[in-house]
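Trainee: Please put together the full structure from these sequences, using the hints given.
Number of protein chains: 2
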Amino acid sequence: MSPRRSAAAALETREEIVARAVAVASTDGLEGLTIGRLAGDLSMSKAGVIGHFGTKERLQLAALEEAIAIFTREVWTPVAELPAGLERLLAICDAWIAHLQSGVFPGGCFLTAASMEFDGRAGPVRERVIAGFEQWRAAVERDVRAAVKAGQLPAATDPAQVWFELNALAIGLNQALQLLGDDDAPARARRAMRRAIGLGAAG
Amino acid sequence: MSPRRSAAAALETREEIVARAVAVASTDGLEGLTIGRLAGDLSMSKAGVIGHFGTKERLQLAALEEAIAIFTREVWTPVAELPAGLERLLAICDAWIAHLQSGVFPGGCFLTAASMEFDGRAGPVRERVIAGFEQWRAAVERDVRAAVKAGQLPAATDPAQVWFELNALAIGLNQALQLLGDDDAPARARRAMRRAIGLGAAG
DNA sequence: CCTACCGATCGGTAGG
DNA sequence: CCTACCGATCGGTAGG
Chain Z
1013 MSPRRSAAAA LETREEIVAR AVAVASTDGL EGLTIGRLAG DLSMSKAGVI GHFGTKERLQ
1073 LAALEEAIAI FTREVWTPVA ELPAGLERLL AICDAWIAHL QSGVFPGGCF LTAASMEFDG
1133 RAGPVRERVI AGFEQWRAAV ERDVRAAVKA GQLPAATDPA QVWFELNALA IGLNQALQLL
1193 GDDDAPARAR RAMRRAIGLG AAG
Chain H
1013 MSPRRSAAAA LETREEIVAR AVAVASTDGL EGLTIGRLAG DLSMSKAGVI GHFGTKERLQ
1073 LAALEEAIAI FTREVWTPVA ELPAGLERLL AICDAWIAHL QSGVFPGGCF LTAASMEFDG
1133 RAGPVRERVI AGFEQWRAAV ERDVRAAVKA GQLPAATDPA QVWFELNALA IGLNQALQLL
1193 GDDDAPARAR RAMRRAIGLG AAG
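Sequence order for the protein chains is Z and H.
Residue 1174 in the working numbering is what sits at position 162 of the first sequence, and the numbering runs on without skipping anything.
Residue 1037 in the working numbering is what sits at position 25 of the second sequence, and the numbering runs on without skipping anything.
What the hints contain is simulated information worked out from the structure, not anything from laboratory work.
No false leads were mixed into what you were given.
Partial chain H-side listing against chain Z, Cβ under 7 angstroms, derived:
no., residue
1, 1039
2, 1125
3, 1128
4, 1131
5, 1176
6, 1179
7, 1191
Simulated coverage check for chain Z against chain H, where a stretch passes if three residues somewhere in it have a Cβ under 8 angstroms from a Cβ of chain H:
no., stretch
8, 1140–1152
9, 1200–1210
These numbers come from a predicted model, not from an experiment.
The C-beta atom is built at its ideal place from N, Cα and C for all residues, glycine as well.
Mentor: Structure below.
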């Protein structure tokens, strides 16, 4: 008599599964996800877990989608209202660094880990990782171009070069934090990002 | 009657296993290594494979050790004879980039992948990865300091900052090559490395 | 959402 | 180096 409530409950269960999957995959990788472990963590049956997704691959894709949403919420949403250009580009860098320090993903940046894990494997997970990076790249390059147009950065600035360097520095920061626990790394990354954008010692 | 030959044959088998393990782990990760798959690839029994190592973890350590040796051979050995300082530092960067393009590791830089895979797990594999990075960091920083001492770089140059940026750029290059197949990335990395070292448009 | 089950594979051992 | 085997776990399905 209450199919709506049943559907809502099912959605809630699904969200719990995805949240747990994100946490597990963040430390053990998307391939390290297992249906049995998830079921145990959530006190459910394996059939109850996999029933929401059909296959392990679709569960991986759901976890990846959620991780991308978290990244967007932490890095893009806080700066989205700023005007396009240098101001927002600098805010992006700071939000990016803050995100990597935030600990939302217990095992460090989910997207970076997924990109390394799937860079040699074909399939929809890899494709989604690539699309996620491309989307983020487009956003960053857009602000670089806006800054150049507004005369805030030299006309010779190459947006693709800036993106390459900022992304590399973010990945390097993630490694320094997760692998080495290097507390100096955020400041180093910030300094290097400022320089990559084309600012001198300014900040 | 020929224990020497038998021991030599065993060593050869062990080396074959390690070589195969490096190739598999480079695409599927060190956790993706399985004894059964290795046995199948080499037309051996699982017991024959694991007998050389005892446990899977020691097999992972052996593969990691070999990967570090390959990195050293490809990046350090070619420049080792150069005098310490700016010249060798620039040669290191070029050898590093060439190594990432070389395809020795079918799945991309083994050390980078291992550092992401194990950055959230305790144990000897993680410790060995950290030690490998620390050793390489020491070598790079040594040449930065030598270049400063020789007046080839500004006295204010911070070796740890240079290392942080060069390492980040190498990891970013690996991602660009493996995930995106970006052919412009090596030139971008080279340019950014030159700048990170403190050179202007020079090269 | 559950129980019960499938064949395959996991890391590893015994014994030779 | 092999065969033969251990208990545990894998992804997934049948049927309810």
